[in-house]
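Q: Since the structure of chain R is provided, determine the placement of chains H and E on it from the hints.
Below are the chains, spelled out letter by letter.
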Amino acid sequence: MGNDLFLIKEEIKKNIKILLCYPVEIMFWAIFPVLWVIPFIFQGQALVGGVTSAQFKELAGTEQFVPFILTGAIISTYLFSSLYGMGGNIRMESYWGTLEYILGSPARKISILMGKALSESISSTFFVTTQVIICVFGFGLTLTMGKILPILLVMLLLVVGLYGMAIALAGVTLQIKESRSLVHTIEYLFYLFSPIRYPVGINPVIATVSLVIPLTYALLAIRGIWLLNQPMSSLWKYVGLLALLDVIFVTVGYLIFHHMEKKVRRSGSVAQY
Amino acid sequence: MGLKSERAILAQDIVKTFKKKGRRKYGIGPKITRDEYIHAVNGVDLAVHEGELFGLLGPNGAGKTTLVKCLSTLLLPNSGNVSINGHDIVEDPIAARECLGITTGGERTLYWKLSGRDNLKYFAALYGLSSEEADKRIDYLMKIMGLEERQHERIEKYSTGMRQKVSISRALIHDPPVLLLDEPTLGLDPSFSRFIRSFIKKDLNQKQGKTIVLTTHYMDEADQLCDRIAIMNEGKIVAVDTPEALKRKIPQDEVLEVKCLGHADFSGIGQRVYADSAEGVTIYRIHAENVEDIMSEVIQASHSARILSMNVSKPTLEDVFIHLTGARLTGEDDGQ
Amino acid sequence: MDLLLSTDRIVRYLRAMNAENMKEWKIELTYRVDFVRGMLEPLIFVFPYVLFAMALVGGRTSSVLEGLTGVSDGVTYTIIGYIFMGFLNTAVWGMGFALRKEQWYGTLESIFVAPVPRWVYVLGMALHSTVHQGIILFFQIAVVYVLFGVILHVQGVLPVLVFIGLMLFSLVGLGLMVSGLALIFKEGWIVSEVLYSLITIVTPIAYPLAVLPPLLQKISLTMPTTYAITGIRHFLIDETMGVGLWDSYSRLILIGVCWIVSGLLMFQVVDKKVRREGTLAEY
Numbered sequence: 015m016g017n018d019l020f021l022i023k024e025e026i027k028k029n030i031k032i033l034l035c036y037p038v039e040i041m042f043w044a045i046f047p048v049l050w051v052i053p054f055i056f057q058g059q060a061l062v063g064g065v066t067s068a069q070f071k072e073l074a075g076t077e078q079f080v081p082f083i084l085t086g087a088i089i090s091t092y093l094f095s096s097l098y099g100m101g102g103n104i105r106m107e108s109y110w111g112t113l114e115y116i117l118g119s120p121a122r123k124i125s126i127l128m129g130k131a132l133s134e135s136i137s138s139t140f141f142v143t144t145q146v147i148i149c150v151f152g153f154g155l156t157l158t159m160g161k162i163l164p165i166l167l168v169m170l171l172l173v174v175g176l177y178g179m180a181i182a183l184a185g186v187t188l189q190i191k192e193s194r195s196l197v198h199t200i201e202y203l204f205y206l207f208s209p210i211r212y213p214v215g216i217n218p219v220i221a222t223v224s225l226v227i228p229l230t231y232a233l234l235a236i237r238g239i240w241l242l243n244q245p246m247s248s249l250w251k252y253v254g255l256l257a258l259l260d261v262i263f264v265t266v267g268y269l270i271f272h273h274m275e276k277k278v279r280r281s282g283s284v285a286q287y
Numbered sequence: 017m018g019l020k021s022e023r024a025i026l027a028q029d030i031v032k033t034f035k036k037k038g039r040r041k042y043g044i045g046p047k048i049t050r051d052e053y054i055h056a057v058n059g060v061d062l063a064v065h066e067g068e069l070f071g072l073l074g075p076n077g078a079g080k081t082t083l084v085k086c087l088s089t090l091l092l093p094n095s096g097n098v099s100i101n102g103h104d105i106v107e108d109p110i111a112a113r114e115c116l117g118i119t120t121g122g123e124r125t126l127y128w129k130l131s132g133r134d135n136l137k138y139f140a141a142l143y144g145l146s147s148e149e150a151d152k153r154i155d156y157l158m159k160i161m162g163l164e165e166r167q168h169e170r171i172e173k174y175s176t177g178m179r180q181k182v183s184i185s186r187a188l189i190h191d192p193p194v195l196l197l198d199e200p201t202l203g204l205d206p207s208f209s210r211f212i213r214s215f216i217k218k219d220l221n222q223k224q225g226k227t228i229v230l231t232t233h234y235m236d237e238a239d240q241l242c243d244r245i246a247i248m249n250e251g252k253i254v255a256v257d258t259p260e261a262l263k264r265k266i267p268q269d270e271v272l273e274v275k276c277l278g279h280a281d282f283s284g285i286g287q288r289v290y291a292d293s294a295e296g297v298t299i300y301r302i303h304a305e306n307v308e309d310i311m312s313e314v315i316q317a318s319h320s321a322r323i324l325s326m327n328v329s330k331p332t333l334e335d336v337f338i339h340l341t342g343a344r345l346t347g348e349d350d351g352q
Numbered sequence: 003m004d005l006l007l008s009t010d011r012i013v014r015y016l017r018a019m020n021a022e023n024m025k026e027w028k029i030e031l032t033y034r035v036d037f038v039r040g041m042l043e044p045l046i047f048v049f050p051y052v053l054f055a056m057a058l059v060g061g062r063t064s065s066v067l068e069g070l071t072g073v074s075d076g077v078t079y080t081i082i083g084y085i086f087m088g089f090l091n092t093a094v095w096g097m098g099f100a101l102r103k104e105q106w107y108g109t110l111e112s113i114f115v116a117p118v119p120r121w122v123y124v125l126g127m128a129l130h131s132t133v134h135q136g137i138i139l140f141f142q143i144a145v146v147y148v149l150f151g152v153i154l155h156v157q158g159v160l161p162v163l164v165f166i167g168l169m170l171f172s173l174v175g176l177g178l179m180v181s182g183l184a185l186i187f188k189e190g191w192i193v194s195e196v197l198y199s200l201i202t203i204v205t206p207i208a209y210p211l212a213v214l215p216p217l218l219q220k221i222s223l224t225m226p227t228t229y230a231i232t233g234i235r236h237f238l239i240d241e242t243m244g245v246g247l248w249d250s251y252s253r254l255i256l257i258g259v260c261w262i263v264s265g266l267l268m269f270q271v272v273d274k275k276v277r278r279e280g281t282l283a284e285y
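Protein chains in written order, with the numbering used here: chain R, 15 to 287; chain H, 17 to 352; chain E, 3 to 285.
Treat the hints as calculated values from the structure; they're not laboratory data. Be aware that a few hints might be false.
The calculated BS3-like cross-link candidates involving lysine-lysine, where the alpha carbons are at most 27 Å apart (straight line), are [stated by the list, open to error]:
id	chain 1	residue 1	chain 2	residue 2
1	R	K71	R	K161
2	E	K28	H	K35
3	E	K103	H	K37
4	H	K252	H	K218
5	R	K161	R	K23
6	E	K28	H	K159
7	E	K103	H	K173
8	R	K276	R	K71
9	H	K37	E	K275
10	H	K265	H	K330
11	H	K252	E	K274
12	H	K35	H	K152
For reference, chain R alone in the conformation it holds in the complex:
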């Protein structure tokens, strides 16, 4: 156990040091996801001539569409930057030739993955904090201190589900080597099937699919706290479902990784790039 903690600490240290070698990438993730919502704001203005819409309120619970998409951007960035980071991390280890040594070591794979996932969480937390600051000062989004703790609690639950996905992705990356396009597809599918950029209630098929994505419940709960001032007691349903999906995602994620690692070892394709 002591060795596992040491390994996780070293993995985090290594990853953060490597990330610091790419300052432009840090700047990018800290700023750009917020800029991606600007076209939605202009589009909204062109369609309704302002920043509010009664039709939107029927679906989203708020008539203010700007805070809706800003919160969607912030929370989804947390997910996507972690996923890109995790896939990219394995890909680079494979490119550098260090992956073989990592997989060949007697260390528990779960500890290595934990180290990787935790380091991605640390950097994603930094990116999201910067984005919140930009949204508060640049777009007039308000956030009161009392809401921060419940929001963090929901985020924590989102992170667990995310780890499940990240672990599965790490496994798949072992086999296919290039994960960027896969994450890209996941990103697009999430943009379509979860209420990141629009209320999914607009289409019944999409609304049904969104029910199996943890991000949907996280967004519903966080927007409930942040934008709709709903008390936690009315949001327990979302939090519970999120926790349930977490368990499923982590279990399935680990099974996928375990299966892929075995498969790769059998076919000997770790060193191929």
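A: Just chains H and E now, with coordinates in the frame of chain R:
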């Protein structure tokens, strides 16, 4: 520049310096270490004659690859002139490249997802061949390389040796008069190496009369193949001559090679001695005018070590290299 | 750079461009899943914008949009903007990453020693990605016709092709700039992402120029995509054009010349820089 046509490659006073940027703490803020300048090639003059097989020898980091990259137009020298078949590489790089065929080190210089034939067809188009010309040329090259049967398979399924054959075929696709071959046998097994060496010497050089610059750190290869050899060290050419003439530069006629377990002290015998140790075994090369005269002193000086073998030979190119630079070449001829 | 090219060399360069195009097709088709994904992703990308529009107006018609553009159907308006904007991908990803990809394969030095100027590879890739984007475009038009009943004026096709051609002319210049920058920046994809994001913000893709703040409107008028998207929508779905037709064409030509010249110059400078510093094979 008043070039003589019989000089296929003429390089004058080539200097290539790289800047190694100073480090900044966390990648930002003031530098905590200074910028460094590395003189990879430092005032090299080179004249390779038409039809000559010319070797560039040197240890890793001697500047061979940088020099070859300058000759091939991949790098711009800081100063100096280079011309290939009379075409200046800075003034008219396209014409210079038309005369050149190049193989660079590394396995990944081909498209792994394409077949051997598709790779060659693509490069044929880059070198200005029409589709029909390309097909004829590829048929010919595949045949002499013995790759006909597997030409439609993807490169990723080839062995290292087969990839090297495709890589050499690529260099020959436009039938260039000048070839730059950077470590063409590196990492190949002995049978592939023998094939490549014989192909370079007999077919390309002797039959087709191509001018070839070969970089290698395999002494035997250079000795067997090259008409003339330039020895590079620390960015400079320290000697250029035929292999025989280079060997004659060593004043002593014989070399005694002593292989022993542990270390011996030969400092008292008054001859040039070079040692190299690996895994507890030390090989001493003692240069002497007459080995018989020093034999008893050698045995006496070896009392602290256990002698495994002793050999008397004529000086090799490696001895020349040691003699000229005071250092051994890294990488050995094992298995070559 | 050879400004005066002999016929022989032009033929060679065209042959090399086509070889580059064909090679990319062969490599691309070995990754079949990626190929299918490449067809579907741009479509999925558009849907959130369309569904967002529907959520805002509670259907697909907007009187506000009609007042601003003459088009009341917010869904069709948005879709046309985004599917034709796909050509921007050709420049920032397809062309911009032409050389970067070779660097990744390990083949960059091998192609750079061939007797062909470096920009020929980028143009070869432009040819490839334009054809690729063209196929995606037809596929998208067919799907949105089925899913959203988007109907376009067929008689507007010719002027639309002129708009696309002129937009591509500028985008080749942009592609040359990006491919140069991608060679010197370790994080080349960020260059593409940043340019893509900034250009899409100032281009009136799903909104008219009038909703942009004054400063962004001025910047927007220097973008080829602004004239092309508005012109295309004018001929396909009757959007009101703020700038006259011939004025739009001539501005597109002017911007195209400026971007191509800047692209070639920047590419030349970067090429010299990497050859001087010896960073060609680095990743």
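Q: A separate judgement is required for each hint: does it hold in the structure or not?
A: Now for the hints, and whether the structure bears them out:
no.	hint	in the structure
1	K71(R) - K161(R)	holds, 22 Å
2	K28(E) - K35(H)	violated, 39 Å
3	K103(E) - K37(H)	holds, 26 Å
4	K252(H) - K218(H)	violated, 30 Å
5	K161(R) - K23(R)	violated, 31 Å
6	K28(E) - K159(H)	holds, 24 Å
7	K103(E) - K173(H)	holds, 21 Å
8	K276(R) - K71(R)	violated, 50 Å
9	K37(H) - K275(E)	holds, 15 Å
10	K265(H) - K330(H)	holds, 12 Å
11	K252(H) - K274(E)	holds, 24 Å
12	K35(H) - K152(H)	violated, 46 Å
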